[in-house]
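Chemist: In order, the protein sequences belong to chains P and L. In case it helps, the working numbering puts the first sequence at residues 1 to 315. In case it helps, the working numbering puts the second sequence at residues 316 to 686.
Hints listed in this document are in silico derivations from the structure and should not be mistaken for laboratory results. Hints are supplied without guarantee of correctness; some may be wrong.
Said to hold, decoys possible - In silico BS3-like cross-links for lysine-lysine, where the CA-CA straight-line distance does not exceed 27 Å: (1) L:Lys442 - L:Lys414; (2) L:Lys327 - P:Lys128; (3) L:Lys588 - P:Lys177; (4) L:Lys347 - P:Lys140; (5) P:Lys175 - L:Lys327; (6) L:Lys347 - L:Lys327; (7) L:Lys414 - P:Lys72.
Residue-level listing of the chains:
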Amino acid sequence: MSTAVLTDPKTKIRVSQSSAPQPIIQMREVCKGFGSGVTRNEVLTNINLNVREGEFLAIVGFSGSGKSTFMKLLAGLETIDSGTLTMDGQTITGPNPERGLVFQNYSLLPWLTVRGNIALSVNSVFRKWGRGERADHVEKFIEMVGLTHAAHRRPHELSGGMRQRVSLARTLAMKPKVLLLDEPLSALDAMTRSVLQEEILKIWEEERQTCVMITNDVDEAILVADRIVPLNPGPNASLGPAFTVELDRPRKSSELNHSDAFKGLRNAVTNYLVAVRQKSREDEAATTTAPKVELPDLEPLAMKLPHVSSLTAAK
Amino acid sequence: MNWRGKLLTFCKVTGMPVLEPFVRLAAGEDVKEQLVGISKFVLLPALAIALFIGLWSAAAKTIVSDSAQLPSPTATWNAGIELFEMHADQRQADRDAKKEKLTEAVESLAMARGFDELAAKATEEKKSLYAAEAQKNRKRAVLAANYTPSSAPTFIDQIINSLVTVAFGFLIATAIAIPIGVMCGMSPWVNAAMTPFIQVFKPVSPLAWLPIAAVVIIWAYSGTDPEDALFSKAFLTSAATVSLCSLWPTLVNTTFGVASVNQDYLNVARVLKLSWAQQLYKIILPASLPLMFAGLRISLGVGWMVLIAADMLAQNPGLGKFVWDTYQNGSSVSYARITFSVIVIGAIGLVFDRIMICLRNLVSFGDTAPA
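If we strip away everything but chain L, and leave its shape as in the complex, we get:
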């Protein structure tokens, strides 16, 4: 395959038709046709975005009350820049503090050495005094060297925390949903047993799950020192809520994918006399991967949406908590910051969706999903 074909396949698999006209243009295909493509996939969306920003600006000028105002695009942009600057400043301050502590540690250590020498030379009665002083200084040095800045998490920290939480919750959900889905798909009996649970729990809102998840986690953590815990309670509550909500699309899709494996593929397996495990790993799982990934895509979308709400309620320091705290804070830039975080949340959701489309296309040969 030449580079043109490879790049076109890449565009298709990654679900980015935006790039296709450019590839074709570079390959020297009909210019007029490609300009149509570019105007469709690039100019038109750009125009639509410009129009939206215009309407937004107009709305920002209109929607003004005594206490608050709908932030304008520029205010939102500036708030965003400010959030990033605050992050950079915070990091700088942390670094400075760390450096200061390090110097302190070096000084304390030097002092301790000095006392050691004094103790060696000194007479018997003063020896223990100097030794105690050296010990004290040494302790101080260790304390200073181990200093970790305990400033409040910045916007970026909260984004990272949200990503970690959703990834953790999503992985747990996947680890539960896929095996159960495969069993349900392979055996109509298991499926019949599971259907009532799936039907009842699937439509439940994340917020209803959260207290129950919290109860289980509080029980599991009773008697554990919070300092020793691997994860904080708020983190686990958020992640568990994400899991409980993002379980269902994967479960349902996996069941459907496994149950609807082409009978001809199963006949191939029967003629070859494949064992049960071989049939599962060589025929059924590969054949149901496209539907499984379609389910995972929906799950991740649901999980990300749920996470924001779960963070707010569980006080897990993620984007949801950021939005809630900023709203409670009620300063003049609050709404601009919230608007900015809305855009960030949306952008991250978009990236997740693209990644899942790409993964799905990688496992479905000759049957790529529309973006």
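Only chain P is shown next, with the shape it has when bound in the complex:
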């Protein structure tokens, strides 16, 4: 009885404090590194982040800043070294279909068809459903990503964009509470990329589920996200200040290009990223133990000459 009395006021306080929607995922002082002893390499340090229910959060950062490690921690594929990482108040100890991960390189099983790949996840997650119910569910998601005509094909017969659609459908079909997108479009060409961006956006606007996306493309982040959090370059990567994207939805990339708010935000995020990278390089140079080499101030001789075409020079 006494415990109930004690916990009651606490929960009241928590509810009254939060004006924003409840955070679904909370990261407090999360650190992650690899190796031990002298080969120890800290990748992420002091990560603090609240992912709010129903928001689209984009993490942007340069390659090598620990983005993939960050996503693996959220997915539960890697465990944190220190700090707390919770979802709905429960500590994340391993992977779970509640946090659906879309892999960067699709990770489709090559021996299964499009339908088979999606069915594998549906059958594993919704074991209690009837056979027919599961089959209908699979078809629904094949249709959602527009692959009904290719449902019988295997991944090697599909284009990169189609593969990522299958991967997306496979994850969405698990009905995850949080959708994790690990650079889902970085392996695609620019045209396919923009088409898929709009499609992800469309699907998200229908479902409005919590979504965390990692990307190295600032434009993409602004197009899809409610908040953008830059990841400072590693080692010892931490999160930068969040940028709130206050552009009206539904957004269209063609319209955004002319919007001043879009341009301003893009400059702000890009400038921040460039500045932190510059700083991190300077820090690295300052702490490095490697002997400093003074580079001579030289310029190739040919560069100094005025440009003369070899044809005219011959004359």
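Based on these hints, arrange chain L on the given structure of chain P.
Modeler: Below, chain L alone, put in the same frame as chain P:
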């Protein structure tokens, strides 16, 4: 998919690029390009074979000693035809013998009936005599009806016996190698425990294994009447030697295939929270099948090669024994027969290889092996 695409996929999966230009030609693709393909895959090999036969004929005329001569292509061909004819004749003779015995059986039965009737009519003292005679005839009829020709196995019989032996040995090897390989691939601990055995036994020649296999089989068969045995000792010795030698490529490849399953596939399994068994059957085994089949292909090749030697030593009536007996026989056609059987052995090996390539390609999607 239209028929053209289907046929092209078929060519690719079966590892027969020979057919590809013909399919494309039939589909009305650029004729010149396809002629290049045909000359590459059909004319050039045909030319090379013709050249080889020419050189062979020349060599056959040169390599002549007092006792023997390198058989010419024609002599080899004729020896081959003769072997097939001998098989046909033998079968005919067996059939004739069988028919003769059958008539004998019918006659004996008729005689027995006759004695039965006599016995029924006869007086008391002669009755037992007639009955005994009827019994004797009946026995003879049964014996004749159950007659099986016990002629020496022909060339074809020996080929079939070799195929059965290698299939048996190969299946045993597969049944042992794949489970162990999967365990080694899944657990680095098991792998570390198995590595010394694999490293030491892998390079051992089949002929060294054979006596040990024979000892085990003789022990297992001690106290068993050879008539009751399911398999003959020679057959089992040969098959066991094939198993022991064709085990290793499959084992090593399976270990490698299972250990090198793409980490992303395993991550998929982890996110879906698949059980251990589901992870094994739905992710790990399908993902490692291509490498497993690559190993099986090498194993079958090794097994077939080993079988010939094992047959010779174990006196298992297969192709190896045929070659050995023919060599010992030393008649004028011996070398031609041996040469012919060399070609047959090679051709069967080729067919095995093609089958395994085809199976491997069937399980490796979008990653067909070069033929």
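Chemist: Against this structure, judge whether each hint is valid.
Modeler: So, going through the hints one by one against the coordinates:
| no. | hint | result |
| --- | --- | --- |
| 1 | L:Lys442 - L:Lys414 | violated, 33 Å |
| 2 | L:Lys327 - P:Lys128 | violated, 42 Å |
| 3 | L:Lys588 - P:Lys177 | holds, 16 Å |
| 4 | L:Lys347 - P:Lys140 | violated, 48 Å |
| 5 | P:Lys175 - L:Lys327 | violated, 40 Å |
| 6 | L:Lys347 - L:Lys327 | holds, 21 Å |
| 7 | L:Lys414 - P:Lys72 | violated, 79 Å |
Checked against the numbered hints given earlier, this structure breaks hints 1, 2, 4, 5, 7; the rest are met.
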